[in-house]
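S.K.: Below are the chains, spelled out letter by letter.
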Amino acid sequence: MSVPQYMDKRNHPLPDVPYHRDLSADEKALTEKQKGSWKELSNEEKVALYHIKFCQTYAEMNRPSNEWKTVLGVTFMFLGFTGLILAWQRYYVMPDKPHTLSDEWKAKQLKRMLDMRMNPVEGLATQWDYDKNEWKK
Amino acid sequence: MANPMHLGFQDAMSPLMEELLYFHDHTLMILFLISSLVFYMISALLLPKLYHSSASDVQEVEVIWTILPAIVLISVALPSLRTLYLMDETNNPCLTIKATGHQWYWSYEYTDFSALEFDSYMVPTQDLPLGHFRLLEVDHCMITPTNSTIRVLITAEDVLHSWAIPSIGTKMDARPGRLNQVMLTLANSGVFYGQCSEICGANHSFMPIVMETIPLNHFQLWLKDCMSS
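As you go down the protein sequences, you meet chains A and B in turn. For the first sequence, this note's numbering gives the first residue as 93, with consecutive numbering after it. For the second sequence, this note's numbering gives the first residue as 3, with consecutive numbering after it.
These aren't lab readings, by the way, just hints derived from the structure by calculation. Any given hint could turn out to be false.
[As the list claims (entries may be wrong)] Distance windows between CB atoms, simulated: (1) B:M43 x A:F170: 37 to 43 Å; (2) A:D114 x B:F41: 26 to 32 Å; (3) B:M89 x A:M169: 50 to 56 Å; (4) A:L178 x B:L35: 36 to 42 Å; (5) B:S38 x A:P156: 28 to 34 Å; (6) B:H134 x A:M169: 41 to 47 Å; (7) B:K173 x A:D195: 30 to 36 Å; (8) A:H143 x B:F34: 46 to 52 Å; (9) A:P187 x B:E64: 55 to 61 Å; (10) A:D195 x B:D90: 42 to 48 Å; (11) B:H8 x A:K200: 14 to 20 Å; (12) B:I32 x A:A179: 42 to 48 Å; (13) B:K51 x A:F170: 29 to 35 Å.
[To be verified] Some chain B residues flagged as far from chain A (calculated, every beta-carbon gap over 12 Å): (14) I44; (15) L75; (16) L97; (17) E111; (18) R180; (19) L181; (20) S199.
Think of the CB as a built atom: it goes at the ideal place given N, C-alpha and C, for glycine as much as any other residue.
Given the sequences, and given the hints that come with them, work out the whole structure.
M.R.: Now the structure itself:
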């Protein structure tokens, strides 16, 4: 960093030194020609002049890569493997759920919570219409 | 108590808990403001295609983003201190209840009028009546009157416990050899559930706290019943 060097970086648009320091005879001729009117320069000459100063174009510098496909694929593979481990665990290791999680129990529990007017300010009891005996619309 | 998929706090059943809810809303709003500002700043820095890192100058904005956070912190600290000191107030209580933590149950003593003492054990799951709450129901719950200032003295018999009821905004550690005080004022009657909040051994998750708040005349009748039996 202490010696000026060439770099193609998006956040450093103007490199410290030109790409080609030692110019060939053709390139020297081109740089002389560009001191005149630019309308006389052909497209190939303009591109050649660009490539004296810079290595890559912005399009080349900012080109996307296919790395995201690898990253996504490997991530999903790891997630899938984790899912397999969890499924095995669920089937072979973990005990049965408590009987209080059956649908009948949960319905009775909810009724009890409504009867006890749980969270009467903004919560559960405010969602139930006690006159019509149904959930509020 | 909380219902399934309950996000956020339970409804406030005491004035203190209301204060805590207001403070929480205030602070959360400030947090949202700060987070969205930071998110915007990061996206403004990262999304543009062209950016010259050596051609940016930040002297003035450094001052701003030192002063502004200080102001934000003060706006959070002042309500916080107000709520904190509110929680510490002692107004003359009408009733004193002593809650003692044991391994693994709570016991309550009402010694103002007579030597009323009882233990509060969790109802085991296999003995629960249909529709009752698993791990939350107890055989004898603590009864309190509404609209009265109640002092609860919390202590422990053996190891550390913590007496907590979320809907009234109370949590106090139960230390053996020490009496910790909380002041409660219950606005409405109801049943409020809580759980022991300090690890105390194998059955730490199985020593709930249930407080039933009833109108004062009913409370007097209950006391009379207990004393006569």
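S.K.: Now, for every hint given, state plainly whether the structure supports it.
M.R.: Each hint, compared with the structure:
no.	hint	verdict
1	B:M43 x A:F170: 37 to 43 Å	32 Å, violated
2	A:D114 x B:F41: 26 to 32 Å	49 Å, violated
3	B:M89 x A:M169: 50 to 56 Å	52 Å, holds
4	A:L178 x B:L35: 36 to 42 Å	38 Å, holds
5	B:S38 x A:P156: 28 to 34 Å	29 Å, holds
6	B:H134 x A:M169: 41 to 47 Å	46 Å, holds
7	B:K173 x A:D195: 30 to 36 Å	34 Å, holds
8	A:H143 x B:F34: 46 to 52 Å	51 Å, holds
9	A:P187 x B:E64: 55 to 61 Å	58 Å, holds
10	A:D195 x B:D90: 42 to 48 Å	46 Å, holds
11	B:H8 x A:K200: 14 to 20 Å	19 Å, holds
12	B:I32 x A:A179: 42 to 48 Å	43 Å, holds
13	B:K51 x A:F170: 29 to 35 Å	33 Å, holds
14	I44	15 Å, holds
15	L75	29 Å, holds
16	L97	23 Å, holds
17	E111	26 Å, holds
18	R180	33 Å, holds
19	L181	31 Å, holds
20	S199	20 Å, holds
Checked against the numbered hints above, the structure violates hints 1 and 2; every other hint is satisfied.
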